[in-house]
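Colleague: So the protein sequences, as listed, match chains L and Z.
Letter 425 of the first sequence, counting from 1, is numbered 425 in the numbering used here, and no numbers are missing.
So the numbering used here is basically just the index in the second sequence, starting at one, shifted up by 1000.
Be careful, since some hints might not be right.
Claimed, not checked - Cut-off 27 Å, straight-line C-alpha distance, at most; resulting in silico cross-link-like pairs (DSSO-like, lysine-lysine): (1) Z:1191 <-> L:191; (2) Z:1395 <-> Z:1359; (3) Z:1361 <-> Z:1395; (4) L:281 <-> Z:1457; (5) L:396 <-> L:361; (6) L:312 <-> L:359; (7) L:396 <-> L:382; (8) L:191 <-> L:296; (9) L:135 <-> L:105; (10) Z:1281 <-> L:281; (11) L:361 <-> L:388; (12) Z:1281 <-> L:457.
Please keep in mind that the hints were generated in silico from the structure rather than gathered at the bench.
Number of protein chains: 2
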Amino acid sequence: MSRIVEITELALRDAHQSLLATRMALDDMIPVCEDLDNAGYWSVECWGGATFDSCIRFLNEDPWERLRTFRKLMPKTRLQMLLRGQNLLGYRHYEDGVVERFVEKSAQNGIDVFRIFDALNDPRNLKTSIDAVKKTGKHAQGAICYTVSPLHTVEAFAEMAEQLREMGCDSICIKDMAALLRPQPAYDLVKAIKRRCGADTLVHVHTHATTGVTLVSLMKAIEAGCDIVDTAVSSLSLGPGHNPTESMIELLAGTGYETRVDLERVLRVSAHFAQIRPRYKEFFSENTGVDTEIFKSQIPGGMISNMESQLKGQGAGDRLKEVLEEVPRVRKDSGYPPLVTPTSQIVGSQAVFNVLMGKYKVLTGEFSDLMLGYYGSTIGEKNPEVLKQAEVHAKKPAITVRPADLLTPEWDNLSAAANALPGANGSDEDVLTYAMFPQVAPKFFLSRAQGRKNLGKDPASKTPEQKTPTAAGGGGSLSAKVSYLITLNGNEHRVTVAPER
Amino acid sequence: MSRIVEITELALRDAHQSLLATRMALDDMIPVCEDLDNAGYWSVECWGGATFDSCIRFLNEDPWERLRTFRKLMPKTRLQMLLRGQNLLGYRHYEDGVVERFVEKSAQNGIDVFRIFDALNDPRNLKTSIDAVKKTGKHAQGAICYTVSPLHTVEAFAEMAEQLREMGCDSICIKDMAALLRPQPAYDLVKAIKRRCGADTLVHVHTHATTGVTLVSLMKAIEAGCDIVDTAVSSLSLGPGHNPTESMIELLAGTGYETRVDLERVLRVSAHFAQIRPRYKEFFSENTGVDTEIFKSQIPGGMISNMESQLKGQGAGDRLKEVLEEVPRVRKDSGYPPLVTPTSQIVGSQAVFNVLMGKYKVLTGEFSDLMLGYYGSTIGEKNPEVLKQAEVHAKKPAITVRPADLLTPEWDNLSAAANALPGANGSDEDVLTYAMFPQVAPKFFLSRAQGRKNLGKDPASKTPEQKTPTAAGGGGSLSAKVSYLITLNGNEHRVTVAPER
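The whole structure should be built from the sequences, with the hints applied where relevant.
Modeller: Structural data, given as structure tokens:
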């Protein structure tokens, strides 16, 4: 008698977000929906902040319409989204009324499972969305950002899991976005959560493949009683993406665990994306191998490259090593926040400033806000001296209340602003789109009627170097005015180019 | 108290054989030898059939000299080679005297660990080389080709391990060249071998990464008591290659197992090959992702593509499905040989013939030899009717003796033939080079004095299309569509330019 291990398929959200810069067009997903819907997944993750953003920013596609399409094409399967707690899909705290409206509309349009996390692991930032999900009758999954620090012990994580359960979460997710979760901690963590929250508490593990160790971690999590794991079909897996679904299914043979996922259907989905993926070549992440650097530095790769380019911008490209040594100190001073968006950028920038300008001589506004509690509370105590400096710098006091408690109702204002935009359709969904991305939404509302774009390109036509361009003589410079037909973001422009006078 | 898990590094042999068509030049390996030698590996695999072949066929390099170089540069570390039992590094059975001479010379030139296998898992084909290794005082490792069939039970493999131990092997290797070894069988197999051969029997596991499951298998093998595992530095890992060394080291943290390998040195080796690898771009295997197909078909990918091209050559490209169904039947009729070189080709070709010409209407010479025992014995009974047909076809009887027992001493002939070749230096090593590759050696002896080649190329210079084409054209008009990468306000745009229609 085998125990069933459930699987969440990431192909439609996190997989192409991690591997193809979130550029995959809906039309390239529609052909696999029937197989996904019938494969027997516990859920299909298909919606989240970056996909929403990419829809309106690059694909001229209404993200709500995308969701409704998935709902229609996958009637049998739980549709899952990733929600940044009080930040929803945006980058600031929203007032509770907006959070409630967003959750309600997401549920109405098709979401069944809301995976809710907060970058600081502050449960207060999750509370309104959890309550809102419970009100809709949908599945509220409380996620714990996995990170490593002296304070992030197994018991500390298990305690957070218990809080999330007490807040009404239907399941607990260990969210390992940096592929830091090694096999033994994975085992210990699942065991501790089950022990503390009850064996019937659903535990879901999300990891990335970056460091090459996490398929083993998933196996150990399963041995510890984990109920659901996240994977992506093999053609959209590995590198900064996730572990392959096919491998997960196959490796369980004989172990006493099995999935209910239909491998034949998974292979068809994977074959489809194997064909599609080369069309998005220009968005490929170059690094598809394994990178274990993060185990050493404890600093996510993206954060390192950010700091590197900041340093280079200041002509101090040679001081990265000092900055890497400064990061753990800044992290400690700020109470050991997990290093994910946005805290990774905030801590990283402050570390750069400390190295270039002297220790806390200059504070970024965001770092002050982090110190003063405006993002939420951290697991550790803050350095009181740095806290004092932050108060002086920001000219405001530290807070201990939930940040969103300071906000006043904003729905009416958002609604008025959104509905005044040309092309807005008057729906609550449009107001929410505007609320999430106020800079991008106006342009999207204007162009929406032109229909959605597919940025995928025939890989054969994508290699200009193979064609013989007929350029002008002498070094390819122009000798006379020429007119060209130029295609940019799918739009044709008639352009005249002339030699410089 | 952690238990030590030892590691064999594959970068210098199987890793570039699997990923870069064995083309890596010695000069690209020399810079990492010091780090490899001091990293604390149990052994460094650096020699074998394909590397030997590639040296004289493509790199104009004396493989014996390569071995001596490794010996000099890695004085502290066991150097390991892969030996095909009675076939040595070639494709036929050699008479015992040649086997003994080859082993003696390999040991003298630097090999410490001889991993010895036979494609049929016939221990008689391993005996002479095992005895020869023991005579030199070096380490004889008996390898079991892992395969899946109704007869290849855990107990059958453990029985073979026991035979190898009784024949004097210092350690046992489970050799999983097709990435078929799932976690539970890995665990069961190691347990069974330890139970049967004694807990102090060193068990070494070799797997490839192809199917994406085998790092988990290595973990389960370790939990079962496996002593040594094979990995390759991350920049030469994954796809048809192996699991990454760095990931192996990192994943053990906290598990009660640890390696003694110095991660810093491994990272330096890996960084070196990350720089070198792009220079061998033209030899890249395209498929670097995960492929679980073999679990379904039980037929290695290389074998499928061979059969496919055979079928296409016969204008029967549409009959692959029939052939794939025929393979298990042909395999059963021939006593369930493991499907590795050369049996995979032999069984595959016969399956193609059966489908195209009618069941066993035509027998290949190799298939007849396989049926009649000229490659050795198989685990299963042969189909007596097909056996009879093979006797008729081949006009010779089935044998039950060890194939090499039919051979007469051949050293003197080989020696005379080799030494008569222009450029041969009169050494036993040259005679052995000639014995292994009689078609290739003569040309190599002739050109050897010109020195070794490096087929790696500056990746920048490898794309002639990037050079500025100097074309004619009045006023710089385009005759064809061209794509450019245009940076405008810091944003990159891919722009397509076409002549006005």
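Colleague: Broken hints, numbered, in rising order?
Modeller: none
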